[in-house]
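Chemist: Chains as they are written, first to last, in the numbering used here: chain A, 2 to 327; chain B, -1 to 300; chain C, 433 to 756.
Some hints here could point you the wrong way.
Unchecked claim - Some, not all, of what chain A presents toward chain C, calculated at C-beta under 8 Å:
| # | residue |
| --- | --- |
| 1 | V66 |
| 2 | R87 |
| 3 | N92 |
| 4 | T104 |
| 5 | V241 |
Claimed, not checked - A few chain A positions that, by computed beta-carbon distances, are all more than 10 Å from chain C:
| # | residue |
| --- | --- |
| 6 | G28 |
| 7 | A95 |
| 8 | L281 |
| 9 | P284 |
| 10 | R310 |
It should be emphasised that the hints constitute simulated quantities derived from the structure, not laboratory data. For every residue, glycine included, the Cβ atom is placed at its ideal position computed from N, Cα and C.
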Amino acid sequence: MTAPTLELRDLRTHFATRGGVVKAVDGVSLRVDRGQVLGLVGESGSGKSVTGFSILGLVDPPGQVVGGQVLFQGQDLARLDEEAMRHLRGNRIAMIFQDPMMTLNPVLRIDTQMIETVLAHAPVSREEARQRARDALGQVGIAAPEERMRAYPHQFSGGMRQRVAIAIALLHKPDLIVADEPTTALDVTIQGQILAEAQKLCAEHGTALIWITHDLSVVAGLADRIAVMYAGRVVEEGPVEAVLDAPLHPYTVGLIGSVPSRNRRGAALNQIPGMTPSMLNLPAGCAFAARCPRAASGCSEPPPFVEFRPGRSARCIHPHAEGPPA
Amino acid sequence: MSAVLRPSAPPQVETPLRRFASQFAESRLALVGLVVFVAIVLAALLAPWLAPQNPYDLAQLDIMDGRLPPGSVGASGMVHWLGTDDQGRDMLSGILYGLRISLMVGAGSALVAALVGASLGMLAAYAGGRTDTLIMRLVDLQLSFPAILAALMILAFLGKGILNVVIALVVVEWAYYARTVRGSALVERRREYIEAAQCLALPTGRIIFRHLLPNVLPPLIVVGTMQVARAIALEATLSFLGLGVPITEPSLGLLIANGYEYMLSGKYWISFYPGIALLLTIVSINLVGDQLRDVINPRLQK
Amino acid sequence: MTLYLLRRCLQAAGVMLVMSVLVFVGVYAIGDPVEILISPEADQIERERAIRALGLDLPLWQQYLVFLKNALHGDLGRSFVFNEPALKLILDRMPATLELAFGATFVALLVGLPLGLYAGLRPNGALARGIMAGSILGFSLPTFWVGLMLIMVFAVQLGWLPSTGRGETVDVLGTRWSFLTLDGLRHLAMPAFNLALFKISLVIRLTRAGVREAMLMDYVKFARAKGLHPSRIVLVHVLKNIMIPVITVVGLEFGGTIAFSVVTESIFAWPGMGKLIIDSINVLDRPVIVAYLMLIVLMFIVINLLVDLTYTALDPRVRLEGRT
Ligand SMILES: Nc1ncnc2c1ncn2[C@@H]1O[C@H](COP(=O)(O)OP(=O)(O)OP(=O)(O)O)[C@@H](O)[C@H]1O
Ligand code: SF4
Ligand SMILES: [Mg+2]
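Looking at chain A on its own, in the form it has when it is part of the complex:
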């Protein structure tokens, strides 16, 4: 059996702030295989982006990966030295950032920023590098790439900039792409186009994809598996259809209930009551307890991550047996 493209084992990334230690990622275990798409969902501040940065070794101080393993094709990146890591970044592992307005350097032309990425990992001529950059721009649906390449980022809209960032991620046909809400800024048609492109890449090159998003409908259409994060932990993980059809964890149930959907049109949306707990002092027991409709006495103990059915795990003591209550 070949090693999965990426496997996180008990990853812990903490921020030592003035107010105390923020456990932004606290024991996350995940797995993505070749050609697979994993949808990573969860509300704002649940630690999705920090998980992504931890994989690439890009956590800035005061943050630090304090424990666990990041196994990329069997190799633990958490223990890799910076220079070896650099050769993987942008080459075998790429990341697309959340905010397209801030990702590109404002004073460098698009072509500069793309060509340097090619040259960082491939021993090719400038002309060849330019050619590859142009092709990548075409791939993400930018018309007249030759001309647009000579522009500066501020001459592009947010959506266009995100497409440039995606093109940069595609340059070396990486084995793993961490995409942090890459399509949120794009309109629906472009979004579809990008999603199709991503799926093609996965199918043709066996690229594994971690797709971070708020948008469950994107996950439903794109991902093979889904992982739901809450307060720095994965609370539910499983195949997309199964999880969306019959979520185990009360938080997943709430998340699905808060999404407008076609077959429940007219029904009131169920907002999850309460607020995300402060990451500085999480309750000793289940982090979701204060907002959980199913909370009971046992929930004051930290619930273990349990495989309830084959391929279906959740971190809950009183999981939903079947689908959500009608």
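Starting from the structure of chain A, add chains B and C with the ligands where the hints point.
Modeler: Relative to chain A, chains B and C with the ligands alone:
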């Protein structure tokens, strides 16, 4: 109760002043600066008692004692710890008296500049409109022109002398105060309590002095500290160029200038020691000012 | 762009006009123009003639017009001391001052940028703290005293560098330049460093602040995510961004540098216009002072314009807005 029996801890009242002092003391360097600065001010104030000689009293000078190196014994049997200048003046005494002039000119000009600048800044903030525009244009103009040049030109037209130096320094410095005061006065003006005071139809003067001024004061003090250091440096430079204080009552800058021509023959002390005194003064004020700024303006705190 | 330039030139003319009024008021209204503009050695008949020639018998506003008209013709009076047109006197000495000021700017960037970069990249290291403490000192040290100390150490004690003059010069474009000969460079070294001292501190602080800010930006993180070499990230991505404020400030400081060269030129006997103006002030050669003042203002305006244009060339965001 057992508590009665225990020696009670001294009451730790968190007065603003105490908090301020403890925050200030957080920087060892700033404390050192403060100590050095206080020592310098004391030395300048007590110069007539500390100095072995009155450097202005020509009768006490002996030209035969001219340019003695540090540690020499003069004709009168006096030990010149820092040497003597070309006139036989004891350098230590000259420096102590020179400090008086330098500090006086620096602090005096800063005070007048602060008064003028703060009033104009307050006027700009309070009057707004044309007045504001006019004053701020003047401020911009003043700030865009190098201080040394403006001061040189003023002295070129007015002539030398302590008073003229002070005038020149005031002219080049008032703008900093005006800008600072206007900035914080504008912020304060929008605060509710000012609006409330205006609603109560309190007289404008009372609003300014009771409410605006106390809040504008902290940034003013910070700017003022830095400007005193700048003024002292500028005065020294002007005097060094021969355009500042008169030769009869030399400030530190003029002492340094007097030693300039002897420097090339290796008689370093005539310029060196006054320079050290000047340096200590300026650096200690800047250290204090830096820390004051950090303490008073929490936004800048790291 | 042309429209922009035209507007800037109009603004410049406005500032010049305001300054000419200020100078005029300074010379004619506050001071006694007869005393300021006519040599004290002139006898009664000469005085009468000069008063009429300068129009000093006219009402003030007419006097101003005469002053303005003469100024526009490049006539800013004659030096009492040299008996030459004041403007020519100053222009002759301008290259030396410009050379010194450019030298100082060059030194400031050469020393300040690397130190600032280092301090910004390792803000908590011992060396970085040392650099920052040094920059406080650089702000506090009185320039003229440092100049004296430089002379004492490098010229008197060690005998490495000459302490006065420009040394051997080469004629290029009709003016003499020191920086083209080794001897000239040796003469330039100390004054340029002395004048640069303040600017070195300024560049260090700006660079450090810029680097620290830039390193937190997403585009730097993204550059790292692309697997770029750290040197490329710092030297291209970060440096290109911080060059904008650094160039702007150093450029705007250039006027200040020329002003402060007054001090440096006096110490090192550098034969530039700064030394001329100090000498002129000391002997009350007022036409030279007036001419110097007007010229400096003009220089400031030109510098401001150049800085703005450079800024536009460096920052693509401004470039676009400038056109529309
Ligand atoms: N530099 C930092 N210092 C302190 N805490 C941080 C820092 N960066 C992130 N965190 C904390 O880590 C937690 C997770 O943040 P993260 O950005 O991963 O959330 P997210 O799931 O990506 O949210 P969003 O959907 O809004 O992007 C947050 O609670 C945040 O407070
Ligand atoms: S463990 Fe308890 S509180 Fe936590 S999600 Fe499950 S039921 Fe709710
Ligand atoms: Mg995020």
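Chemist: Out of the numbered hints, which ones does the structure contradict?
Modeler: 1, 5 and 7
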